[in-house]
Amino acid sequence: MNRQSYRHRPEDELIQAAKNADQGAFTELVRRYEETVYRFSYKICRDKTKAEETLQDTFINVFRKLRSFDGKSKFSTWLYTIVTNNCLMKLRRRKMADLEDSLEEFDHPPGRNDGRPGSVMARWEETPADIVMAGELRDLLDRAITRLPEDYRVVFVMRDIEGRSTEETASILDLSIEATKSRLRRARAFLRQQLHPHMSAHAEATP
Amino acid sequence: MKCDQVYLHICDNLDEDLNSPRCREIKAHLRECPDCRAYLDSLKKTITLYRAMPEPSVPARAHRELFKTLTTLGGRTGSKTRHAGRKT
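Residue numbers (numbering that gives the first Met the number 0), protein chains in the order written: chain W, 0 to 206; chain Y, 0 to 87.
The hints are simulated quantities; they were obtained by calculation from the structure and are not laboratory data.
Some clues are possibly wrong.
[As the list claims (entries may be wrong)] Now the in silico label distances, taken between C-beta atoms and shown as ranges:
id: 1; chain 1: Y; residue 1: 4; chain 2: W; residue 2: 15; range: 46 to 52 Å
id: 2; chain 1: W; residue 1: 178; chain 2: Y; residue 2: 36; range: 26 to 32 Å
id: 3; chain 1: Y; residue 1: 20; chain 2: W; residue 2: 69; range: 37 to 43 Å
id: 4; chain 1: W; residue 1: 9; chain 2: Y; residue 2: 68; range: 25 to 31 Å
Beta carbons are placed, not taken as given, at the ideal position from N, Cα and C, and that holds for glycine.
Sequences are here, hints too, so could you generate the full structure?
Have a look at this one:
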């Protein structure tokens, strides 16, 4: 069977064939998902070398474990579980208890004088996408998300960047819905706080 | 509803339907509270900025290494057919 014929086969057929040791079918699955896996790994690791290692490790795991994939979840969900575990194993250095402590402050609103005239929270200006692509702001975004503990970063990336649902994110990370929502809330608040000095100063400087 | 409660639930509703009773309360609060409006706006802009960040592609060398590894694994386990990946 040539490469073109694999390219037009539906995913479930490829999975079944790959389970029966059809290397062409497995190769096509890898081809379809390698960019997704690499980009997701990079968004979590923030390091191209680690992302490359995760890409390799993930597909080696997929190759070895594919027979155990039972089709009860989507293949992409199963794949994300493997990628996430590989990413987190590379990154995890601190215990979860430390991480919980470190972001608990984000369960409360940022400091301000509620409702009193003249105390309104500084607003952020619109930022065109092309400004994000280059220079200072890109570095700022990169530094902020690197500071975000990885167990929160992975939730933020899955929910807000990859657009996965709360339920799928919870399933991939083996978390409750409430824990997933809590981590997302803290992650968003943490990143917002990291960007706030720059973004509010930018707004004040803009006429 | 107070700012503290809005703060805790505001994130749940960033990209969801705002018709539940709690969401209607949040919306009512937001109409009256410029601080919470500014906070919600800055959260939305945080997400927008991260979505706009450029994403790298798999480097050609990493792609070649991946397929070399997988071909070796396939050979060891006696797969039926061999196949190269994309042209690099």
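* Asked: Do the beta carbons of residue 9 of chain W and residue 68 of chain Y sit within 25 to 31 Å of each other?
  -> Given range 25 to 31 Å: holds, Cβ gap about 26 Å.
* Is 26 to 32 Å a correct range for the gap between the Cβ atoms of residue 178 of chain W and residue 36 of chain Y? -> 28 Å, holds
* Verdict for residue 4 of chain Y, residue 15 of chain W (Cβ pair) under range 46 to 52 Å -> 50 Å, holds
* To do: Could you say whether the range 37 to 43 Å given as a hint is met by the Cβ separation of residue 20 of chain Y and residue 69 of chain W?
  => Holds, at about 40 Å.
Figure legend: structure checked against the earlier numbered hints; every hint is met.
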